[in-house]
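Spelled out, the chains give:
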Amino acid sequence: MKHIKIVLAEDEPTIAAAYLKGLGFHGFDVVLAKNGTEALAAVSTELPDVLLLDIIMPHMNGIEVLEALRASPEHVDLPVIMLTNLGQPEDAERVGELGALAYLIKSNLSLKELVEHVRKAAGLPPV
Amino acid sequence: MATRNATDHTTTEEPMPNTINRPLETSGISLDEAQELVHIGSWQWSVASGDIAWSDELYRIYGLKPSKQALGFEDFIKLIHPDDREKVTNIINEAYQTKQSFEFEHRVVLPNKKIRILHGKGKVVSDANGNVTRMLGTSQDVTERKKSDQALHRSDERFSAVSAATNDVVYDIDLRAGTMWFNGALNTAYGYPKRKAAAPVHWRLDRIHPEDRECIETSIDAWLKGRNKTWVGEYRFRKHDGTYVDVRDRAFLLRDSSRAPIRIIGSMLDITQQKELERAKDRFISLVSHQLRTPLTSMRLLTEMLASGHLDTLTAAQQECMLQIEASTVRMIRLVNEILSVSSLETGRLNVQLVKSNANAIIQAQIDEVLPLAAERKVTIVFEPDETIDIVTVDPMLFSQIVHNLLTNAVRYSMKENSVIKVTFHLADNEYLLTVSDRGIGIPKAAQPHIFSGFYRANNAIRARGDGTGLGLYLTKLILDMTGGSIRFDSQERKGSTFYVSLPLGGMSNKQGSKAPA
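First to last, the protein sequences are chains E and H.
When we follow my numbering, the leftmost residue of the first sequence carries the number 1, and every step to the right adds one.
When we follow my numbering, the leftmost residue of the second sequence carries the number 1, and every step to the right adds one.
Be aware that a few hints might be false.
To be verified - Simulated restraints on C-beta separations: (1) TRP181(H) x GLU67(E): 50 to 58 Å; (2) PRO89(E) x ARG154(H): 52 to 60 Å; (3) ALA68(E) x HIS202(H): 45 to 53 Å.
To be verified - Computed footprint of chain E on chain H; a stretch qualifies when at least three of its residues, placed anywhere within it, have a C-beta under 8 Å from a C-beta of chain E: (4) 190 to 196; (5) 288 to 296; (6) 335 to 342.
Treat the hints as calculated values from the structure; they're not laboratory data.
Note that the structure is predicted; figures quoted are calculated from it, not measured.
Yeah, the Cβ is synthetic: ideal placement off N, Cα and C, and Gly gets one too.
Go ahead and model the full structure; you've got the sequences and the hints to work with.
Below, the structure written as structure tokens:
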């Protein structure tokens, strides 16, 4: 299987730890960014295949990060999956306009389902 | 006293007509007949003789038989209510002195002891030398009119007192004049200068928040055209200082005999505090729920990993425990989700997004989603779509939630293994009908009136499964209420239930904001 690199932008340590472990177990290479500015930097240095982007984060929120990425030519097509526990219809609409592949409620998502979303975003067939 | 003055007077310059019952030349009816028609009696008092001539109608007004015999002043005074005798004597006396016309009211006691109120008018006639020769006048029974005047006055007084006592703004709209009156609360509660004159009827509408105005005007127009007497609306109303208050406006419509609306009386209750409490409750629920989701997310992921043996091999007992923790976590997540849905539905914050959708595909997708649960319970789901139904306007998320709630109930409360859940979607009598039938535990008769209440669970449902939230059917009904649909059911305990969801042919609609009149 092609080695898939993920940048995970997540400021909540327990969720970040669970995702790192779970996605790592499924063979993904995961780099953690703890806030919006770190996420933007990590995208430039790590050149991930997929960005998992939390919305509520210090410094820069997920929507601002996504806006910045879409404004820069190198990252305009980067596959982005939004992860949140807020679930605001306005946010879902906005990130859809910005070309996010999905807007997912973290608590409603099993690890298996998240893996499927990442594989789809990376252009891999479902397991 | 008038009588003494009158008898002292001896000069009569004018010949006095011997009767007051002359034919009315123009109409051809007698004066007596005319008086009888209008219930006005007349009298004439000759100063020279001291006699008072009464018309027939005047006798009748006093409850007496008409007579040609003239009365003396003392005879007349005896007919007056004892408390009014002095007043009447004084008025006549004064008129005699001043030679001014007069008008007064007094009570009389009829022979049957009944008290009536009479309204009298009179004038004084003098000769060329200025000597009073006679006095004449009319008298009318105004008892009924006085009673209704008094009743009206008391009712007016009550209305003014209530208007003054309440903190609510009270208004009274005259639809024909296009004006409206406000009580003092407009000044005390909303800071507007006290007004002496009525305001034009658009005055209030002009102060409704621009975002609320159209909806309120439409609602009022519909009310005026309809049959309801009362109307209730909520809107933001601008105070004199430019800030807004939340207002609940209740109005009552008065119509004339041809049912045309003529008057609206209403009150505007300041519900800002109540609204703020609701918003605070809403914020609180939202905050708590979202905060709960974070630890639940990591619990769910970590137990899932542990249970699947990704990290280390577990003993069968350990794995059993892990699966139970995972199931509990998922249940708690579901509870949080449902509380959030209820909160957003109840506060009307829900965003209904209507999309022309393939309803059959949505139903199928929901069936696919519950298949694992169905397999676990060893029940089969059979879907019989009506293939002729192509596209239906729905909010796909809300429609999915309705189907999901009904399906999971059907699966979770199925009684026996190998039972079949039947789902249909078809056109019936001018509506779309979704049915979900199960052969489950059914709903006991006593529980049937309550199953759409929030957090309610029937006893047999609690016995069958401990993990329900009691929010599924409540949510389903809330969604349907808000989107123009409806839900009903047939159920028999231990036999099963069938739920019927109806959607109008136009599909779902957005019912928010259009508050129906009470």
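Structure-based check of all given hints:
Distance hint check for TRP181(H) and GLU67(E): the Cβ-Cβ separation is about 55 Å, which falls inside the suggested range of 50 to 58 Å. Distance hint for PRO89(E) and ARG154(H): a CB-CB separation of about 57 Å, consistent with the stated range 52 to 60 Å. For the pair ALA68(E) and HIS202(H), the beta carbons lie near 49 Å from each other, so the given range of 45 to 53 Å is met. Only residues whose C-beta sits within less than 8 Å of a C-beta in chain E count toward coverage, and the segment 190 to 196 of chain H has 0 of them, not enough to reach three; the restraint is violated.
Figure legend: the segment 288 to 296 of chain H, annotated as covered by chain E; annotation consistent (5 residues with Cβ-Cβ distances under 8 Å, at least 3 required). Remark: the segment 335 to 342 of chain H is confirmed as covered by chain E, as 3 of its residues place a Cβ nearer than 8 Å to a Cβ of that chain, reaching the required three.
Checked against the numbered hints above, the structure breaks only hint 4 and satisfies the rest.
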